[in-house]
Amino acid sequence: MDPQGAGLIAVLLVLAAASWIFTSTHLSGMDMGRWTDPGPLGFFVATWVVMLMAMMFPSVAPMVVAYARIQSHRRKMGRYAPAGSTAVFVAGYLITWTVFGVVAYFLYAFVASLVPGIFGSDQGGRYLAAGVIVVAAAYQLTPAKNVSLMKCRTPMDFILRRMRSGYRGALRMGVEHGVWCVACCWALMVALFALGVMSTGWMALVGAFIAGEKMLPWKRLANRSVAVALAVIALGVALSPVAMGDMGM
Numbered sequence: 001m002d003p004q005g006a007g008l009i010a011v012l013l014v015l016a017a018a019s020w021i022f023t024s025t026h027l028s029g030m031d032m033g034r035w036t037d038p039g040p041l042g043f044f045v046a047t048w049v050v051m052l053m054a055m056m057f058p059s060v061a062p063m064v065v066a067y068a069r070i071q072s073h074r075r076k077m078g079r080y081a082p083a084g085s086t087a088v089f090v091a092g093y094l095i096t097w098t099v100f101g102v103v104a105y106f107l108y109a110f111v112a113s114l115v116p117g118i119f120g121s122d123q124g125g126r127y128l129a130a131g132v133i134v135v136a137a138a139y140q141l142t143p144a145k146n147v148s149l150m151k152c153r154t155p156m157d158f159i160l161r162r163m164r165s166g167y168r169g170a171l172r173m174g175v176e177h178g179v180w181c182v183a184c185c186w187a188l189m190v191a192l193f194a195l196g197v198m199s200t201g202w203m204a205l206v207g208a209f210i211a212g213e214k215m216l217p218w219k220r221l222a223n224r225s226v227a228v229a230l231a232v233i234a235l236g237v238a239l240s241p242v243a244m245g246d247m248g249m
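Counting from 1, one number per residue, gives the positions in the sequence shown under the working numbering.
I should point out that these hints are in silico values taken from the structure, not numbers from a laboratory. Be aware that one or more of the hints could be misleading.
[Stated by the list, open to error] Simulated restraints, written as ranges between beta carbons of each label pair:
hint, residue 1, residue 2, range
1, L114, H73, 44 to 54 Å
2, V135, A112, 17 to 27 Å
3, F106, L15, 37 to 47 Å
4, L114, M163, 22 to 32 Å
5, G78, V147, 33 to 43 Å
6, L41, L114, 14 to 24 Å
7, L114, V49, 22 to 32 Å
The beta carbon of each residue, even a glycine, is placed where N, CA and C say it ideally should be.
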């Protein structure tokens, strides 16, 4: 790997590590188990963005490096590729996931107001969480998951087919990649809400699932393994909720 790519990966990993430290420090004691209340909107958005950096930056690194390499090549060829466009690309990616988080937040609040107590810690809340995780496991086996996962696993192909110049182009490309990433991983993130969105333990596990299926060479095996793991977690939530609650760190 060239020094520029290695440096960029190092920056992303340092930001991810800093985000993990921040979340583990500031979310300590806030995890209340399944369906943890996400708190006020402003707090949730700030926390969500930091969580995204912690969970997604390792797995998005190959796409960011591919984009930076193409931009560097364009500069060497004398074509327009402004400085800082890689940061704008990453910002577009985060914007897409932030929009998803806000939509999920309002949907959570709407359902909670419509059916008070539905997200409680009683048996109803437990089985609802288990059902949501089963849905996430089933989504792993769908054609939509397969197509979107392939987009995330082929960064150079994605960049070359969608290359647009300038900051606006970088932002649009980042948003587009974010859309594909949301299509790939939305069910895992919804499962995280069910398990406890303030739990660093579940965050780490879901982040590992995402990184594994995007980066490991055995796509089908990684994808199916995540589906099986989610099914086991759902069973554990339904039958042994106390033991599954130990993941909240």
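**Request:** Hint says 17 to 27 Å; check whether the CB-CB distance for V135 and A112 agrees.
**Result:** holds (19 Å)
**Asked** Would you say the C-beta atoms of L114 and H73 sit inside 44 to 54 Å of each other?
**Response** holds (52 Å)
**Request:** With respect to the beta-carbon atoms only, verify the hint that L41 and L114 lie 14 to 24 Å apart.
**Result:** Given a distance of about 18 Å, which is inside 14 to 24 Å, the answer is holds.
**Prompt:** Does the Cβ distance between F106 and L15 fall inside 37 to 47 Å?
**Reply:** violated (28 Å)
**Message:** Range first: 33 to 43 Å. Now tell me if the beta carbons of G78 and V147 are that far apart.
**Reply:** holds (36 Å)
**Request:** With 22 to 32 Å as the target window, see if L114 and V49 comply at their CB atoms.
**Result:** holds (27 Å)
**Request:** Indicate whether the distance between the beta carbons of L114 and M163 respects the range 22 to 32 Å.
**Result:** violated (45 Å)
Comparing the model with each earlier hint shows violations of hints 3, 4; every other hint is respected.
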